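Chains as they are written, first to last, in the numbering used here: chain A, 776 to 1089; chain B, 133 to 533.
Don't read these hints as lab results, they were simulated from the structure.
All values reported here derive from a predicted model rather than from experimental measurement.
Just so you know, not all the hints are guaranteed correct.
[To be verified] Output of the computed footprint for chain A on chain B, the stretches with three or more beta carbons under 8 Å from beta carbons of chain A:
#1 169-180
#2 223-230
#3 249-259
#4 367-374
#5 497-511
Just so you know, even glycine gets a beta-carbon here, dropped at the ideal spot from N, CA and C.
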Amino acid sequence: MDLLGLANYAVFMGILIGIYALLALGLNIQWGFTGLFNAGIAGFFAVGAYASAILTSLPASGRLGGYELPLVVGWLAAMAAAAAIAWPIGKVCLRFRSDYLAIATIGIAEIIRLVIRTEGWLTGGVRGVTGVPRPFGDLDYMPSQVAYLAIVATLVLVAYLLVERQVRSPWGRMMRAIRDNELAAAAMGKQVEARRLQAFVFGSALMGLAGALFVHFNRSITPEAIDPMIATFLIWIMLILGGSGNNRGAILGAAVIWIIWSVSELLTDRLPTEIAVQAKYARVFIIGLTLQLVLRFRPEGILPERQPGSPPHR
Amino acid sequence: MKKRTVAAVVGAMLGAVVLATPAHAQDVKIGLMAAISGPIAALAPPMAAASKLAVAHVNEQGGILKGGKLEAVLGDSACNPQNATDAATKAVNIDRVLAIVGPACSGAVLATANSVAIPAGVLMITPSGTSPEITKLNDKDLVFRTLPSDDYQGRALARTLKARGIDKVAVAYLNNDYGKGLAESFKAEFEANGGTIAGYSGHEDGKASYRSELATLARGGADTLIIFDYGDGTGLSLLRQALENGFFKTFVGADGMKSEGLVKSIGAQNLGGFFVSAPVGEASASLDNFNKAYKAAGENIDAVFATTSYDAAFLVALAIEKAGGDKARLAESLRAVAMAPGEPIMAGEWAKAKQLIAEGKDIDYKGAGGDHEFDAAGDVPGSYAFFKVSGTGYESIADMK
Chain A
776 MDLLGLANYA VFMGILIGIY ALLALGLNIQ WGFTGLFNAG IAGFFAVGAY
826 ASAILTSLPA SGRLGGYELP LVVGWLAAMA AAAAIAWPIG KVCLRFRSDY
876 LAIATIGIAE IIRLVIRTEG WLTGGVRGVT GVPRPFGDLD YMPSQVAYLA
926 IVATLVLVAY LLVERQVRSP WGRMMRAIRD NELAAAAMGK QVEARRLQAF
976 VFGSALMGLA GALFVHFNRS ITPEAIDPMI ATFLIWIMLI LGGSGNNRGA
1026 ILGAAVIWII WSVSELLTDR LPTEIAVQAK YARVFIIGLT LQLVLRFRPE
1076 GILPERQPGS PPHR
Chain B
133 MKKRTVAAVV GAMLGAVVLA TPAHAQDVKI GLMAAISGPI AALAPPMAAA
183 SKLAVAHVNE QGGILKGGKL EAVLGDSACN PQNATDAATK AVNIDRVLAI
233 VGPACSGAVL ATANSVAIPA GVLMITPSGT SPEITKLNDK DLVFRTLPSD
283 DYQGRALART LKARGIDKVA VAYLNNDYGK GLAESFKAEF EANGGTIAGY
333 SGHEDGKASY RSELATLARG GADTLIIFDY GDGTGLSLLR QALENGFFKT
383 FVGADGMKSE GLVKSIGAQN LGGFFVSAPV GEASASLDNF NKAYKAAGEN
433 IDAVFATTSY DAAFLVALAI EKAGGDKARL AESLRAVAMA PGEPIMAGEW
483 AKAKQLIAEG KDIDYKGAGG DHEFDAAGDV PGSYAFFKVS GTGYESIADM
533 K
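Next up, chain B with everything else stripped away, as it sits in the complex (with noise of 0.2 Å):
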């Protein structure tokens, strides 16, 4: 008899469900799974808040399509797998959303990838997940995102440090998931770009000398040394180490260890041969208009993850109003739009997009989060530089391919 009351109570809100969902044939919805609960909590609500204002600039600016409005259906992802499933496949069987924007960890991005997004041929813009796994998904060009991979920096580095002439180094890492994929990247495109990697080893965090260390990976006989660490941290008693006991000539570091610390603590006349790459502040016009908005929305532009999630779901509308709403045609018509070549699109410029894909004239969005050109497998190239230590602080001496 109990059972009977469940199966009721269930049904009852299945059916409450069935009639809350009401349908207007113009509108356009759009999942965006944000891991409101769960460990990133803090993050979500920012993030969320600027997806939304670019669903806002679609809805103020015209609409999507024939004057549609877009909807953003919030889903909570919860930062683990089973729950961004669960979320997403919400989202796309009862709201029937064209796209998704989000999950928010990479393990939730790849779940919902596999066991919904993919199987339903949704189109899936993650703007906070940066595993490399994400790239060798299988994902019939449905699994996009806008923002570089954690193997990027690595690879570009290698590149960087080959093209001017290092061919052999040692590379010491620290012991955790950033460090060490890095490394591990910054290795696999060092030696396939015909690098020599003299010495290889991880270090643990704290400790008071590193000095064996060191002189395990000189022994190698390399004269430059890449550290995959932090420059506030284990880099800087790392870095201090080598110099002081002449392990090395030429030291090159990613951006964690670019820190300004660094440069007051060991002094600018000591670093004449210190190198760092690190993302580049891309000081765009599209930034400015994305952070005058946010901010009048009353958000913190610092947020991080802001810009990308911004993009995404830019991106999406941009995909959609392309398609003309063809659920088939959205991974190309992302393509078109995201990529040059096209009159170039800011950030907030709706209007101006639409009116130019009415004309039938090809866009390229410069997002706020960067250019977002895709690769082949949907992955974006981030903005990197090579600096130098100048004075107190670091210059840019060379931008990273």
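For reference, chain A alone in the conformation it holds in the complex (with noise of 0.2 Å):
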């Protein structure tokens, strides 16, 4: 092992860091802020990356597609399904409480994830979409890997700082008012209804863009990308454990829970061959103990919620 490869490695996982903090972020605004249970990630995940697949890439028979349109107009594409389809899940499913909402938004990613693999002509299929371009694609491995990060990072930074911003405007407040107290806040004239709705959607559309930073990175999507595990329960466990209600709570998180998940393989290949497979297992129980001693112990996550005007937390 040498130092180029350790680099190479951590930009790798930079990258991933980047994508699942978007999710995370995107989460954030619709559970930290707004308390809407969206346990339907993967769905907004796919909507975006499949809008962006199909937009951008080389044309394939068989399917939509092919239409080699520039990468931003796949971003700002992705960013448009992933809200035009949450829109009207929103409308239809916001009346829901929490856990209602909960139970609802699986099942709306599932009906995504089975539309994805049965409609062929749109998108591929179980063969998926594949062709998709890669910005610095051409570079060598290191340099083209850099230079997806610095994409990554711009926008996870120009995400986070803009939804930073809209949280300390009065709008933020309003949410949190909708969140801890729905019947307060409409009896002081907000619209309670309207207000998630636009949570939902903002969140969804974040949700959306990270899906189409993983399909250009990886040039290919096929609906084995859209597990629920994989892109739904880890970034709830990264919000709780960042801490919902904090951006930077957020991106901590999904920095914490994606460098544990991919290390931990490495300490546990040390383990000897004999119980090798057993051990791939072990990751997943990692998570599953990080998540409960965090819930015990810090229930608030690691960077918690600060109000505006009240003094930070130690």
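Join the two chains, each given in its own frame, into one complex according to the hints.
Dropping the structure here:
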């Protein structure tokens, strides 16, 4: 092993952490600030991924696509598509309170996955979409990864600044009011349903952008990527661990959980080879254990929510 | 403050990894990307065991290069691109593997090839990714597989029918990825060879009657109906109803239709015009070698993808030996050791292969799962034959090219 290899691995982790950070930021808008339990993150991730893939990929027979539009168009379309899917869903489902909303969104993510699997004319079905361009993809291994990391990091930073600004504005205070006491907020004349729908759509658009970044990195997408374990529950764990209601917490949570998830495999590889196959499940266990410990000893997460105007927590 | 704790923990973990990786100059590492967790978790352990058996054969029979040990680094690709790229990045950058066997699922293969193996210049052989999309990868000759693409059977069947003088057919396929994939590749090849598709339609599973679909297909005027379906399911109803109504004279199915239940149910005397294409169970000496060793290792020889997993790992080892451990020459060496001409090498014959390579002789690995004559895209042709009904079973009447 040498430093170059380690650096390559670190850059790769950075890219995935950035993608997951966007997902966690999106979820933070929905759950952290508004109290909407979205258990269908994978669905919005997939919509964004496929939207951008179809618009920017090379032509292929048997499915829609091959428009070869510029990447920026693909990314904007990914956000727009995820938002457009989220709007009717929110319109119907946001009447439900927390648990029911969770059940409804799990179902919706599953519907999206099945549509993607079976509507071959649109998405290529089980074979997925390939030939998706990757910015700076023609460079060598290391420079190409670093360039992609720069793109992802920039987008995460922009998303963070925008969300942060939004949350500090009166809008953010209103959202918190709705989250903490819906009746009181409604009594103050706030349009609770419309505001919750806004948060749901904004959050979903960010998830769609994360999907687009993922698909361009891998230059391909198949329905296998829409696995609830890796594209929904892992993000929940990231947000809860990092601190829901805190944007920096969301990004930190994404980094910590992905590093544990990825690096723990290197550690379990040092176990005797006889149990190598079983050891692979150890990291799932480690993630679960981490979540339990956080919930037991620090339920507010590593970086807890800060109320504007109140002294920060230690 | 908490942040610093986290950073410290992460730093310690990375540090542990650095310390835990000893370096032996002679040893060679390859990555096994098995889908240990995830949707095909049940298939992964036998596949990993088969690849490890190949590694064991190498190490028992003189090791790799100058007495070095071949080491397999097991990664969990979990059948999704997120985990597969992560596992492959670790294998390539942390463990410094020379080549990768896997990942198992096609989506994971595509993502890993695009974001790790091709940019990093690492050879990759998948033992179980069958998607035709893998063929289309712009892979700098780095991505191979040891089993045929889904595309292959449909195309081979189209060529066989054309060669037998059938020019006009109707195609009925079950509307899932098996049926549809076969139908698409069949249609493309048949039309490219000047044939006419006089009817082409998908049908849903489990309906009581397919007469209206059959009538529509028959209207095109073809005598031959191609059925891409399962002979124990919808395919049986479809075939029966087509026979009862006399819609077509000849019927051709793919491997899914090769069912003995179908013959029993309809009766061989009524199936004079029924043919199927199916993979030939190559009863080769190489397969016997593999089965014996695999059984001795305590595994079930009927495990899916076991032979292709063994062959993938063994081929990687042969390529490394041939290339003298030079990463840049692996793909070229792989073609040299896997393809004719050359002295045939069976599964498990590492010592012999090593000897021949040392003498500078050309070798040709005949795998447990097939001959592995790679084409330009790194795909292998399957071995399929054309069968007719005979007695209560099937009899091979021609090999398919």
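A quick look at each hint next to the structure:
1. 169-180: holds (count 6)
2. 223-230: Coverage by chain A holds here, the residue count being 5 at a Cβ distance below 8 Å.
3. 249-259: holds (count 3)
4. 367-374: violated (count 0)
5. 497-511: violated (count 0)
Violation of the numbered hints given earlier is confined to hints 4, 5; the remaining hints are satisfied by the structure.
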